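Chemist: Given next are the chains, with one letter for each unit.
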Amino acid sequence: MQLSPGRAPLFPLPMVLTLVFLLSTPLWVTRVGLYQYLALEIMIWMLFALGYNLLLAFTGLPSFGHGAFFGAGAYAFGLLQLRVWPNLWFDLFGAVLVTAALGALVALFISHRRGIYYALLTIAFGQVFWFVANKWHTVTGGEDGLLNIKRLPADFGFFSFSLVSNDGLFYFCTIVFALVLIGLWRLIHSPLGRIFSAIKQNETRAAFVGYNVWLYKWLVFTISTAIAGLAGAMFAMAQQSAYPNVMSLHNSGFVVMMVLIGGGMVSFWGPLIGATFFILARDLLGAYTETWLLWYGLIFMAMVLFKPEGVAGAWQDWRAKVQRSKLTSASAAASARGAA
Amino acid sequence: MKLFEATGLSKRFGAQVVLQDITLAFAEGQLSGIMGPNGAGKTTCFNVLTGRYKPDRGSVRFAGEDITGLSPREIACKGVSRSFQIMNLFDDYTALDNVMVATPHVRKQGFNAWRDLGADSKARQLAASVLERVGLQGKENVQANSLSYGERRALEIGVALAAEPRILFLDEPTAGLGAEGTARLAALVKALKRQLTIVIIEHDMNFLFSLADQISVIHWGQVIAQGTPNELRQNEWVRRSNLGALA
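If you're matching them up, the sequences are chains C and W in order. Just so you know, we're using this note's numbering here: the first sequence kicks off at 1 and counts up by one. Just so you know, we're using this note's numbering here: the second sequence kicks off at 341 and counts up by one.
Hints are computed from structural coordinates only; laboratory data are not their basis. As the structure is a prediction and not an experimental result, all values here were calculated from the model. Incorrect hints may appear among the rest.
[Claimed, not checked] Only some residues are given here: those of chain C computed to face chain W with a beta carbon under 10 Å:
1. GLY183
2. ARG186
3. HIS189
4. ALA198
5. THR204
6. ARG205
7. ASN212
Cβ coordinates follow ideal geometry from the N, Cα and C atoms, glycine included.
Same shape as in the complex, but just chain C:
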């Protein structure tokens, strides 16, 4: 992926637009016939997809079992709250840590691989997680999952912020999302991010200029799963439950489709577009037909056939075209002046 050369803006326009868009939803979302919970869910998927894209597009590592870590975050959050200590901060950080630890463990077994072998291993591990969630009744609640996960208040000591309403939870999650978004934006421009991307382009060369490729691949998987865990924990709060379906192969596939349709392969912002598109399609198409996934799948296929770079890619093409036509008209004008 091409980053523009030179210094990266601290708060680039797409970031500002995304946050303004999200934060403004309480003002208009019900007026257009939608509901606040939808915006919350879109944001949670944005977060998951952003973390996933760090792995897929920036480091070139195809994980097709990432839903497992989204689910692990949801379960970890639920279990910590129900069994250990019902405190939002503890449960949230705990869920991220537990998921990151699981991710780090899985990464130990896959980081020497790449390409199709990497993908297959991630699917296998994803299935293991799903199976455990389904069968380990005493801990995970089996097919019922964990019920009655509470939206505990965000306690800042001097004041406490209730997350019980969808609005409250939404504002809280937006702040967390914004922090991660800023962090990831920094990361992709940092030496670490540039090395991830170098490894994607040429592992051999990266090793021969002195990088520990295995360690970097281990690290990026761990970071990406930590973010998936955070998104999963938020999802558990949003749904007030955690169930096996959140770590199913389906969920792993959804995040891939979001990233690809949105244009994550060519743009940092692609996953944001993709997650919005996916959840909206689910709700809007889903209102008309039970087979919405079929239609969504067809859109996905058309996209992969005709514009594999996704929405962000189409946007970049359009902008390049506008720029070119500006240049040619400018030079035409200049030559016309010259002639005169």
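Fit chain W to the known structure of chain C by using the hints.
Modeler: Chain W in isolation, oriented as in the chain C frame:
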């Protein structure tokens, strides 16, 4: 003591013996050449010297330290750098980024996830000066896979050079280049000579005989002759084989 010494290196792949008891030494500050026919084991030899393959037998010492069997990364970090015969660049990166990511300055902050590398003026300066050394000034912001073949060859050396090595291995730097490109590359290597220790595998004998202080001839996985270009011109095997025909 030589800067880089390989003693009794042997390597086989299955039944095929590729290197057989190879002993080579490269003195500090010198430009050494390795020549030999296709399939003689030259590139395998480089791969063993730079850690890509582990030798079955023998040892490799660099600056007095045993580096046999270390990984490419560990060897690279000690100051051994190499270029590749088949080009190995970061194709989506600009020329500047290719070189920048290879510098020890960036490697040292490799786990920094916060600092904006684009705002790191020292990294950019270092990288720009490397590009200048390999004649790519003005191409800083061109994507590597949009460069011409000859420029990519130069960048291949630039990436190796950016690692600030004490010894630089160049594997057929002129492969695929025409006369003009070869001449330009010869000028580039000549300019690097004496700045650091260089070892070159090369097919172009004019190139090698005009530049090298010392040449080793490898054939059938063995060193069959060694010496200065002048000595080798007298060498019977070199004279008889077409290798010496140009020299």
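Chemist: For every hint, state whether the structure bears it out.
Modeler: Results for each hint:
1. GLY183: Cβ of GLY183/C sits 8 Å from chain W, so the hint holds.
2. ARG186: Nearest chain W Cβ about 5 Å off; hint holds.
3. HIS189: 5 Å, holds
4. ALA198: 5 Å, holds
5. THR204: 6 Å, holds
6. ARG205: It holds, given that the least Cβ distance between ARG205/C and chain W is near 4 Å, below 10 Å.
7. ASN212: Because about 6 Å separates ASN212/C from the closest Cβ in chain W, which is inside the 10 Å limit, the hint holds.
Going through the hint list in order, the structure satisfies each hint without exception.
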